[in-house]
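Given the sequences, and given the hints that come with them, work out the whole structure.
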Amino acid sequence: MVNKKVLGEQHADTRLDVENVATDSSDPNVFYKIEQYLSAEELMSFKKALSEQQISTENLLLEQKAVAEQRAETYSIIEELLEDGSDPNALYEIEHHFSAKDFKLLEKAAIVAFKLGYEVHDAEELEIEDGTVLMCCDVYRDSALNAELIDKQVVQLMMLTEKTGINYDGWGTFFEDHNYDDAEEKDVEPKALH
Numbered sequence: 001m002v003n004k005k006v007l008g009e010q011h012a013d014t015r016l017d018v019e020n021v022a023t024d025s026s027d028p029n030v031f032y033k034i035e036q037y038l039s040a041e042e043l044m045s046f047k048k049a050l051s052e053q054q055i056s057t058e059n060l061l062l063e064q065k066a067v068a069e070q071r072a073e074t075y076s077i078i079e080e081l082l083e084d085g086s087d088p089n090a091l092y093e094i095e096h097h098f099s100a101k102d103f104k105l106l107e108k109a110a111i112v113a114f115k116l117g118y119e120v121h122d123a124e125e126l127e128i129e130d131g132t133v134l135m136c137c138d139v140y141r142d143s144a145l146n147a148e149l150i151d152k153q154v155v156q157l158m159m160l161t162e163k164t165g166i167n168y169d170g171w172g173t174f175f176e177d178h179n180y181d182d183a184e185e186k187d188v189e190p191k192a193l194h
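Number 128 in my numbering belongs to position 128 of the sequence shown; there are no gaps in the numbering.
Simulated from the structure, these hints should not be mistaken for lab results. Since we're looking at a predicted model, the values are computed, not measured. One or more of the hints may lead you astray.
What the hints assert, rightly or not - Calculated cross-link-like contacts (lysine-lysine; reagent style DSBU-like; alpha-carbon spacing at most 30 Å):
no.	residue 1	residue 2
1	Lys152	Lys115
2	Lys65	Lys101
3	Lys65	Lys108
4	Lys163	Lys104
5	Lys65	Lys115
6	Lys65	Lys163
7	Lys152	Lys163
8	Lys104	Lys65
As the list claims (entries may be wrong) - Computed beta-carbon distance windows for the label pairs:
no.	residue 1	residue 2	range
9	Ile111	Thr132	20 to 28 Å
10	Lys104	Tyr75	31 to 39 Å
11	Tyr180	Ile111	31 to 39 Å
12	Met159	Asn179	36 to 44 Å
13	Val112	Asp177	27 to 35 Å
14	Asn179	Glu80	35 to 43 Å
15	Glu119	Ala66	21 to 29 Å
16	Asp169	Leu91	22 to 30 Å
Yeah, the Cβ is synthetic: ideal placement off N, Cα and C, and Gly gets one too.
Rendered as structure tokens:
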């Protein structure tokens, strides 16, 4: 009678061998090497998992590229604002732009963004050049004009839009004039009566 513990250990060792062989993606004969360890059903399951892993890796690389592009865009926006004389010490309303063909998906993403601490503007329809109508909204948060802080928001919201199946269309903000005193614009508050 075969000891089940010994079989379990051998099975675990075999799995480790398979994983080690499989992670060596430089070997074009990877499936031939692991075929001896797996049944036909296990091999098909393994091929499927490896294929999904490949897709995940490709998606990760695309996401990393998109994040890198957004970081470059963040740097460019901040640089342009400062070159134009915008106040580097002001608090900025950072607006992140979302769009989707499906309003329900956009609404779902907006609700999650709200729960993450962002304010949400009302959704609007936008017809793009090819005639497609998209639903769009902005989610925003006040922030210093700091690339690291803004990049964290960007990555967080890119992940959210990826999960909800909508588009992240970048971010923007408004020029802040350091010579402008917004206290002049506010209504005078009535004095409290005691």
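For each hint, the structure was consulted:
{"no.": "1", "hint": "Lys152 / Lys115", "in the structure": "holds (16 Å)"}
{"no.": "2", "hint": "Lys65 / Lys101", "in the structure": "holds (24 Å)"}
{"no.": "3", "hint": "Lys65 / Lys108", "in the structure": "holds (26 Å)"}
{"no.": "4", "hint": "Lys163 / Lys104", "in the structure": "holds (14 Å)"}
{"no.": "5", "hint": "Lys65 / Lys115", "in the structure": "holds (27 Å)"}
{"no.": "6", "hint": "Lys65 / Lys163", "in the structure": "holds (17 Å)"}
{"no.": "7", "hint": "Lys152 / Lys163", "in the structure": "holds (17 Å)"}
{"no.": "8", "hint": "Lys104 / Lys65", "in the structure": "holds (28 Å)"}
{"no.": "9", "hint": "Ile111 / Thr132: 20 to 28 Å", "in the structure": "holds (24 Å)"}
{"no.": "10", "hint": "Lys104 / Tyr75: 31 to 39 Å", "in the structure": "holds (35 Å)"}
{"no.": "11", "hint": "Tyr180 / Ile111: 31 to 39 Å", "in the structure": "holds (34 Å)"}
{"no.": "12", "hint": "Met159 / Asn179: 36 to 44 Å", "in the structure": "holds (38 Å)"}
{"no.": "13", "hint": "Val112 / Asp177: 27 to 35 Å", "in the structure": "holds (34 Å)"}
{"no.": "14", "hint": "Asn179 / Glu80: 35 to 43 Å", "in the structure": "violated (19 Å)"}
{"no.": "15", "hint": "Glu119 / Ala66: 21 to 29 Å", "in the structure": "holds (24 Å)"}
{"no.": "16", "hint": "Asp169 / Leu91: 22 to 30 Å", "in the structure": "holds (23 Å)"}
Going down the numbered hints, you'll see the structure goes against just number 14.
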